[in-house]
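Visitor: Heads up: the protein sequence lines correspond to chains A and B, in order.
Using the numbering used here, the first residue of the first sequence is number 6, and each one after it goes up by one.
Using the numbering used here, the first residue of the second sequence is number 6, and each one after it goes up by one.
Warning: the hint list may mix true and false statements.
[Unchecked claim] Stretches of chain A that chain B covers, calculated by requiring three or more beta carbons in the stretch to come under 8 Å of a beta carbon on chain B:
(1) 58-72
(2) 96-108
[Unchecked claim] Calculated cross-link-like contacts (lysine to any residue; reagent style SDA-like; alpha-carbon spacing at most 20 Å):
(3) A:K38 - B:K201
(4) B:K39 - A:L144
(5) B:K39 - A:K213
(6) B:K201 - B:I212
(7) B:K38 - A:H47
(8) B:K174 - A:K213
(9) A:K39 - B:R32
(10) B:K39 - A:S184
(11) A:K213 - A:Q173
(12) B:K38 - A:D106
(13) A:K39 - B:P34
[What the hints assert, rightly or not] Take a look, some chain B residues computed to stay more than 10 Å from chain A by CB distance:
(14) E164
(15) N180
(16) L202
Just so you know, the hints here were simulated from the structure itself, not pulled from any lab data.
Backbone N, C-alpha and C define an ideal beta-carbon position, used for all residues, glycine too.
2 protein chains.
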Amino acid sequence: MNNVPENPGLRRNPGSAIDRLVALFCRLPGVGKKSAGRLVYHILDGDPGYARLLAEELELLHRAIRRCSVCGSFTETDPCSICGDPARDHGLICVVERPQDVRIIEESREFRGIFHVLGGLIAPLDGIGPDKLRIGELLSRVRRDGAQELILAFNPTLEGDTTALYLQKLLQDLNVEISRLASGLPVGGDLEYTDKLTLSRSFRGRIKL
Amino acid sequence: MNNVPENPGLRRNPGSAIDRLVALFCRLPGVGKKSAGRLVYHILDGDPGYARLLAEELELLHRAIRRCSVCGSFTETDPCSICGDPARDHGLICVVERPQDVRIIEESREFRGIFHVLGGLIAPLDGIGPDKLRIGELLSRVRRDGAQELILAFNPTLEGDTTALYLQKLLQDLNVEISRLASGLPVGGDLEYTDKLTLSRSFRGRIKL
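Model the full assembly from the supplied sequences, consistent with the hints where possible.
Guide: This is the structure:
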């Protein structure tokens, strides 16, 4: 099917409609050439209405979604539904790396405060300094709105640790409590299959009973 | 972000643009809720041009692709580029379950004959009898075009075995050689991690040196 020498119309286009869609799907994270092929044939085998709906939603996506001017997360309304919700605790701000972290935390239904999206983590090796992140906006929010507590919900990585340390120092003179998500054994995990760093953290963060 | 009570415009729609796209991606094979979320945020973080291109190709897909009237595979031209290629061996037909099998075999560049897509395999438990498959078309092709050899390239499963057996019996009076793809240890595989059935097949199909 890749071998279409006799059709001049196809020769102008790089590959068939199937090939082009496979190539586009390949650019998504975690989608290799084989899975991309499986996706395209699944769509082809299925209801054309599904493909049309998917096309419509993709076409709409960037137009429908903007950044919330308060927290920096993705939203359709500004401010977003969380920042604009008077029932939430506006004195408690959960600071996250990316907008998708807001979604993940919201799905756990564990948190009733509001959010602040930094838009990344400090990573000197990748050339990402504090000036590239929404840290100034965080400072203004803490000063202006008088937040009582910040929960830093970064991944437990080198970049997460660096960013947490930086924020802790930056905010130490302000009257705000700062905490970080506990790091340790995952629920249902197994000591035997836990890496040394995680184990060490779970010792340091041990909880008195 | 799921909690939008104050916006009547959104209340009419089930969920936000992000939620709707996540729900659509979830309907693809092998894409769970988490991966769907990752895909949507990746697209949202990226170039809007990519989302637009993906939307266009999805919109085009079912209109661009039809079934080849000869082999039954997906194609943009009829007959498809393989059936219409005089350089290929038209006496050698590779019989496959699905159109995507044509793509997989073509990518291996191992086969220079032509194809026949059955559109499924015989599966009595799922109510798929021979009458639901393109077996009549295969018979006509063999009789009319005088194919010398059929290679049955089905998966080595119960349904693949059943279909191969059925075709073998059906075609035994015609002057056509029938073979099936070898089944056995995958290249780079390990005896220790090979299941019993595969091992048994690799014994039965052993090759004299």
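Visitor: Output the numbers, in ascending order, of every earlier hint that fails for this structure.
Guide: 3, 4, 5, 8, 10, 11
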